[in-house]
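**Student:** The residues making up each chain are set out below.
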Amino acid sequence: MGNPLLPREKSPFLIQALEEADREKPEDYKRYFDRLFPLFRSITGDGARKTHDILSEIMPLQRIETPSGSQVFDWTVPKEWVVREAYVVTPKGERILDIRDSNLHLVNYSQPFRGKVSREELDKHLHSLPELPAAVPYVISYYAPRWGFCLTQNMRDRLEDGEYEVVIDTEHIDGSMTISETVLPGEETKEVLITAYTCHPSMANHELSGPLVTAFVHRRLASLPKRRLTYRFVYAPETIGSITYLSLRGEHLLKNLAAGYVCNSLGMPTHFTCKKTRRENSLSDRAALHALPFFGDKELQVREFFPSHGSDERQYNSPGFNLPVGVLARTIYGEYPEYHTSLDNPDFISFEALAESADAIFAVCSVLDKNAVYERTMPYCEPFMTKYGLYPTLSGRRKIEDYSKGMMWLLNYADGEHDLLSIAERSGFDFWMLDDIARVCLDAGIIRLKK
Amino acid sequence: MGNPLLPREKSPFLIQALEEADREKPEDYKRYFDRLFPLFRSITGDGARKTHDILSEIMPLQRIETPSGSQVFDWTVPKEWVVREAYVVTPKGERILDIRDSNLHLVNYSQPFRGKVSREELDKHLHSLPELPAAVPYVISYYAPRWGFCLTQNMRDRLEDGEYEVVIDTEHIDGSMTISETVLPGEETKEVLITAYTCHPSMANHELSGPLVTAFVHRRLASLPKRRLTYRFVYAPETIGSITYLSLRGEHLLKNLAAGYVCNSLGMPTHFTCKKTRRENSLSDRAALHALPFFGDKELQVREFFPSHGSDERQYNSPGFNLPVGVLARTIYGEYPEYHTSLDNPDFISFEALAESADAIFAVCSVLDKNAVYERTMPYCEPFMTKYGLYPTLSGRRKIEDYSKGMMWLLNYADGEHDLLSIAERSGFDFWMLDDIARVCLDAGIIRLKK
Amino acid sequence: MGNPLLPREKSPFLIQALEEADREKPEDYKRYFDRLFPLFRSITGDGARKTHDILSEIMPLQRIETPSGSQVFDWTVPKEWVVREAYVVTPKGERILDIRDSNLHLVNYSQPFRGKVSREELDKHLHSLPELPAAVPYVISYYAPRWGFCLTQNMRDRLEDGEYEVVIDTEHIDGSMTISETVLPGEETKEVLITAYTCHPSMANHELSGPLVTAFVHRRLASLPKRRLTYRFVYAPETIGSITYLSLRGEHLLKNLAAGYVCNSLGMPTHFTCKKTRRENSLSDRAALHALPFFGDKELQVREFFPSHGSDERQYNSPGFNLPVGVLARTIYGEYPEYHTSLDNPDFISFEALAESADAIFAVCSVLDKNAVYERTMPYCEPFMTKYGLYPTLSGRRKIEDYSKGMMWLLNYADGEHDLLSIAERSGFDFWMLDDIARVCLDAGIIRLKK
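Chains as they are written, first to last, in our numbering: chain A, 632 to 1082; chain B, 632 to 1082; chain C, 632 to 1082.
Okay, chain A solo, but in the shape it has when bound (with noise of 0.2 Å):
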């Protein structure tokens, strides 16, 4: 069947279950991206509560705040930053490196700092990227005291010797993180999680095109007349989110996870990435694999699991939960060159992009949404298909339809054991025409879901 990973055209079948959903136009990601881009995100902090804010306009979300200190397995959740200016004057006077004009230029989660300093030592405290001159960079540092600024080399470079006047008032204060979920209910039990990040401040593709994206997803899920699955979305801080967040939920999720995916960097029209689950071949890898190739511009990129580095998906799949939550990106983190920077600005996305990146999302719900087992109600045999009008009864040599084709695979593999995804994989046959298919044998009364 050739390379299963190459792009593929979309079937009547699977355009019809796009077009199921109230789908928004890239104009709506336009609408909340640009009140969104600019708010001052950190792990903790009011810039996260807005963003939340604006995400519960699309969605409903009920708040978690847990407080600045708590214990969460081995971490502790941190204090609540506070940020009211940051900038440096020149010894010529000019204002410098204001957070009015990007909020990249302070050091996230920086220490407050009010002095003069020489340009040595300032110098000290930047940060700067001599491979992307033009770029500021993005840099935090949650886990040690520090202050520093980021700017671009160029302006690094141009910065003259004398004193600098620094400005940072920012505080630490005794609050709480905050964590936004949501749960669409089903017919089942079983859950889907999509979760996203929202600590990063303005940068466009990684991460704010993970909320919005995901934020559609759900306005689409929940106009479907009706979901055999539960879906819950999440949004939290990167990290010390997800811990706390699988400190409350995380035995939930043993129980009810089918499946689950980080997702981030959907801005960018490429292709799409899958990084696979601890598990390897886990119904989350299997959806993800099928789907993702009807979308984007080239092959589907597939990573196996890996823990040395990435987001969220290392606590999902720490050994002591291996809950198996993939990531559903673009192209990925850290393989294109303005990743943390400046240049992940608005410029650099689509809007049309995010709109095929929620397609695509939804697109893998659908697969686990229709992914029954089911099994024939009589096994014996092929039913008398003439009697329920569902075979042609003139033959000989009349070359059979794919339709007709789908539906002896789908009988003959309704054995109670195969899902409708392994049916497809074995048959090579279209995932959603097969959906069609089973609800036509299902009214014929021939086959039934396995419980």
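Incorrect hints may have been included.
If chains are identical, the list can't say which one is meant, so a pair holds when it fits in one copy or spans any two.
[Said to hold, decoys possible] The calculated DSS-like cross-link candidates involving lysine-lysine, where the alpha carbons are at most 27 Å apart (straight line), are:
no. : residue 1 : residue 2
1   : K641      : K886
2   : K710      : K1082
3   : K1036     : K661
4   : K1018     : K755
5   : K1018     : K710
6   : K857      : K656
7   : K656      : K755
8   : K661      : K857
9   : K656      : K821
10  : K747      : K929
11  : K723      : K1036
12  : K821      : K723
13  : K1082     : K857
14  : K821      : K1018
15  : K886      : K821
16  : K886      : K1036
17  : K656      : K929
18  : K710      : K929
19  : K710      : K755
20  : K681      : K710
21  : K656      : K1082
Simulated from the structure, these hints should not be mistaken for laboratory data.
Using the hints provided, position chains B and C relative to the given structure of chain A.
**Tutor:** For chains B and C alone, coordinates are given in the frame of chain A:
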């Protein structure tokens, strides 16, 4: 070891195994073929009975008659079809499409009809093949009442306007459907099923090659001094026949079947094809894949099991039975243009090819029959071969013979778990040589048959 | 990750592991080699005893003497062979084929004979190699009474007609067969078996390289401050020796053996070869396949287990034992023309190659010894690495070091199921670096050894 499906040369051990049985000659096929070909077979009726009568001259057959209207699983045994005459008289008074010329002219299982119809009206009941204008297609309508004729596109194009007289003197009576079987006993109750269908009118490769070749395979097996396994041969109409047979013998087969094959399309002097069983690497599949590369003119074609179309294997491999029954053929159904037309005539096949097909199926049976599991009588270390005269006593740089090497393979894997076929697959040594070695080692008392 | 069998560069961690032990020098080999090479070894007799005496200077060895005539499984321990002198006197009175010139001249285990024979009669007792006319072949006749001489084809061609005097003063006496063993204890009772045979007369690569290299591997392992596993070294005649040893220690090995290797043909400065065990992907195989690509001049050669020929591995891997004992060699037996001839002499091997072979086998043992299974003390999510000083606190676009990445791999797969080797295989990170990381993590208390 290279591609194991490419043509392989027969070893002297295989040649000896083939010669151990009474082999028919190509002319033996001709003798029976000429009497069987003209019979007007259908799923029910005297055509099939006469066919079985003639096969009974080669092998013993017990008749099973199932009354019309009997319920078999989801199906009903159809009425018996009686054909007396059928033809059309042209406006000029010429008698055409007479079944005395070719029984393909009448739609198989056609309703009776007698009357005068216009050229236009007649045309609604005609079947021809624009892409093969000189061929009469084979058309059937078992499960919807129709009448009709089949003719070449060339003839159809020449039919003039005017009134045609149609005579179809057929009848659907309460009678019975004919199945025949025979069981050739062996030392063990484990069975090999060999089946072919007998419901197609005058077509040579598909299907007449099937019943003829298998009948001679029966005669060969019956001529052997002993058989380890039991062999069951079944002849029945396609689909409804195997369904009915499974309703009678399904439970028995579930308990006793070791391997099985639907045999057809065995008359072309081409490559062989094995359509595998639903269990995928069943013993049926392994034996066929091992034996068939010694026969045919090029690479063995292997098809993974597909239920979308095909023949009786769909019933045997239905989820409730899941019996390891594959298909043995040369160029398989649907893969040659003459399939299901009048072009599949005696000139299309070769009697030498039929004889080679019998060799091939006999060789598959030979693998099954010799494929025992052995165990060492004393499994610790190698036996002291010199004591049994089974190893050269002078050593150093001497090249060890394949026979000695094969013996060491057999003695190492005679562990009560590996069957002889797996030892051949693993070692690359000839299966029939290993069987010869096994008998030598049995005689020496250093291995025994695993019970 | 490319072909894992191609030569790989040693990491500093592997180099450190090699240097941790007392490594002998190439000249140390020469010293022992020159004393061992001339000894007239056979399956029984004083040649083997003197060989074991000299090996005892490198390592402690306990002697096991098994009386002639003892039954061991299907075999009988042969009589002890005593050789006093053997030569031939030509018609011209010249003494040729004297074992004082080369002990290969006499057929090993030859019967005594004394008499005058014609050129024709003598020729029936001569062995030479037409394809290697300058080589004296090594010929044995343990299990059939014969006398004979081996010589070069060149010399044989020059033998003149006339009467020859043959003197073979040998005797087969009731004595015993010599095996030596030693056990180097470790923290666990699980054992690694290292064995070589000591029954071949003056040939350098096959077999003297085997006992010599393994003796020095013993000295290296003995010099380590601690060992997790227990190491068993065994020296015995080929075949009958390992069969006898298995009759004594087979049950113990079945309970305790973790991995084992027959070591031979280790003197050529070529690639390494691993003949795998019958269990296929046993720990023996995995450790050898991982460690050996760091040694030798080209791609590691891997042979699936074959029982058709070879050495003591056939006894260890016999069906009743099925012990995971593979073969470690460089160019393996039979794959070089000098094999089993007088051309396999001291000039044919290199003492540097012997030392590298000891490095390689020691590295295989190092993998086995360090290949523990770890589990996280608190397996939920990642540990808060900053708390243990194990992770950089400033992040963003910083390239993560391999050591840190390796640590995250270890912490994720420290699940009580994956051994360290499987983590190295899966991650592609250096095994010995991961071992170093494991010790750091053990010290930090975030993992523990799985009991």
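**Student:** Now tell me, hint by hint, if it's right for this structure.
**Tutor:** Against the structure, the hints come out as follows:
1. In the homo-oligomer, the alpha carbons of K641 and K886 never lie at most 27 Å apart, since the shortest distance is 34 Å inside one protomer and 45 Å across protomers.
2. Proximity of K710 and K1082 under a CA criterion of 27 Å is satisfied in neither setting, with 48 Å inside one chain copy and 40 Å between copies.
3. When the C-alpha separation of K1036 and K661 is checked against a cutoff of 27 Å, the pair qualifies neither within a copy, at 45 Å, nor between copies, at 38 Å.
4. In this assembly of identical chains, K1018 and K755 lie within 27 Å of each other by CA distance solely across copies; the values are 25 Å between and 83 Å within a copy.
5. Only between protomers do K1018 and K710 lie at most 27 Å apart by alpha-carbon distance; the minimum there is 16 Å, versus 70 Å within a single protomer.
6. For the homomeric pair K857 and K656, the shortest alpha-carbon distance inside one copy (23 Å) is at most 27 Å, but the shortest distance between copies (67 Å) is not.
7. Taking CA atoms no more than 27 Å apart as the test, K656 paired with K755 passes in neither setting, with 46 Å inside one copy and 52 Å between copies.
8. Proximity of K661 to K857 under the C-alpha cut-off of 27 Å is found in neither arrangement, the shortest distances being 29 Å within a copy and 65 Å between copies.
9. In this assembly of identical chains, K656 and K821 lie within 27 Å of each other by CA distance neither inside one copy nor across copies; the values are 30 Å within and 65 Å between.
10. Taking identical chains as interchangeable, the C-alpha atoms of K747 and K929 are never at most 27 Å apart, the minima being 53 Å within one chain and 63 Å between chains.
11. Within a single copy, K723 and K1036 get their C-alpha atoms no closer than 79 Å, and across copies no closer than 45 Å, so neither meets the 27 Å cut-off.
12. Taking CA atoms no more than 27 Å apart as the test, K821 paired with K723 passes in neither setting, with 64 Å inside one copy and 75 Å between copies.
13. For the homomeric pair K1082 and K857, the shortest alpha-carbon distance inside one copy (18 Å) is at most 27 Å, but the shortest distance between copies (50 Å) is not.
14. Within a single copy, K821 and K1018 get their C-alpha atoms no closer than 36 Å, and across copies no closer than 37 Å, so neither meets the 27 Å cut-off.
15. Proximity of K886 to K821 under the C-alpha cut-off of 27 Å is restricted to the intra-copy arrangement: shortest distance 8 Å within a copy versus 38 Å between copies.
16. Taking the closest pair of Cα atoms, K886 and K1036 never come within 27 Å of each other, the shortest separation being 37 Å inside a single copy and 30 Å across copies.
17. Within a single copy, K656 and K929 get their C-alpha atoms as close as 23 Å, which meets the 27 Å cut-off; across copies the closest is 57 Å, which misses it.
18. In this homomeric assembly, K710 and K929 never come within 27 Å of each other (Cα to Cα): the closest approach is 44 Å inside a single copy and 57 Å across copies.
19. In this homomeric assembly, K710 and K755 come within 27 Å of each other (Cα to Cα) only inside a single copy, at 25 Å, whereas the closest approach across copies is 84 Å.
20. Taking the shortest alpha-carbon separations for K681 and K710, only the intra-copy value of 18 Å comes in at or below 27 Å, while the best inter-copy value is 77 Å.
21. In this assembly of identical chains, K656 and K1082 lie within 27 Å of each other by CA distance neither inside one copy nor across copies; the values are 38 Å within and 57 Å between.
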